[in-house]
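Chain order of the listed sequences is A and B. All the letters of the first sequence, read from the start, carry residue numbers 2 to 119 under our numbering. All the letters of the second sequence, read from the start, carry residue numbers 19 to 131 under our numbering.
Think of the hints as simulated: they come from the structure by calculation, not from any bench. What you are looking at is a predicted structure, and each value in this text was computed from that prediction instead of being measured. Just so you know, not all the hints are guaranteed correct.
To be verified - Have a look at the derived ranges for each label pair, beta carbon to beta carbon:
id, chain 1, residue 1, chain 2, residue 2, range
1, B, Gly103, A, Tyr55, 36 to 46 Å
2, A, Thr61, B, Gln99, 40 to 50 Å
3, B, Asp117, A, Pro42, 30 to 40 Å
4, B, Gln99, A, Gln70, 41 to 51 Å
5, A, Lys79, B, Ile72, 18 to 28 Å
Note that the Cβ used here is the ideal one computed from N, Cα and C, for glycine as well.
So you can see what is in the structure, the chains are spelled out below.
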Amino acid sequence: AQTVTQSQPEMSVQEAETVTLSCTYDTSESDYYLFWYKQPPSRQMILVIRQEAYKQQNATENRFSVNFQKAAKSFSLKISDSQLGDAAMYFCAYRSAPGGGSNYKLTFGKGTLLTVNP
Amino acid sequence: NAGVMQNPRHLVRRRGQEARLRCSPMKGHSHVYWYRQLPEEGLKFMVYLQKENIIDESGMPKERFSAEFPKEGPSILRIQQVVRGDSAAYFCASSPRADTEAFFGQGTRLTVV
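Using the sequences and the accompanying hints, generate a full structural model.
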């Protein structure tokens, strides 16, 4: 079974600065997807960014980028130019690729609470 | 196109009562997933349904919990004889196919008193 570990329960960053959230995972599969979700106080789960394991290039979405290290099974999220609206709980998640077992099921880490200081 | 709609947003039940949580998937989505988020935890998979079928219920507690997704109407997660440990946020997600992106609703926060 796959596991996802987020070792930072809480992080803080000054507005306009950069912060990196860590995530490691364990799997025996070679093809899979990795995600970062944002959960603000409204509780809505918002997809921030996704990475396909077969792609070597790190995914980017505006101010959000990932550092995907497949051999190390590491998937960190970098938020640049942090804004007050980035304050939220961030969850790292894993999903098997099509053709893999239970490829509809997301496995989540426990989350990192990000505080943005003005 | 409205997103995944869950209701109620908040539900309070006394121990021993039944809780019914509803989820209307996005238009065109026939695959529904339920997740539970306990305090200080990430979301954990409970059950995966397609119209009128339960595909995977490996994450569902063996007793008191059931789910359905009828041909017409929303998906229902039903918890009988609730206990304090059932207090959590319950999220529904839907997708057009099993291997595509799933979109989440805003969740139902169940409090058992």
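Hint check results:
no.	hint	verdict
1	B:Gly103 <-> A:Tyr55: 36 to 46 Å	40 Å, holds
2	A:Thr61 <-> B:Gln99: 40 to 50 Å	49 Å, holds
3	B:Asp117 <-> A:Pro42: 30 to 40 Å	32 Å, holds
4	B:Gln99 <-> A:Gln70: 41 to 51 Å	47 Å, holds
5	A:Lys79 <-> B:Ile72: 18 to 28 Å	40 Å, violated
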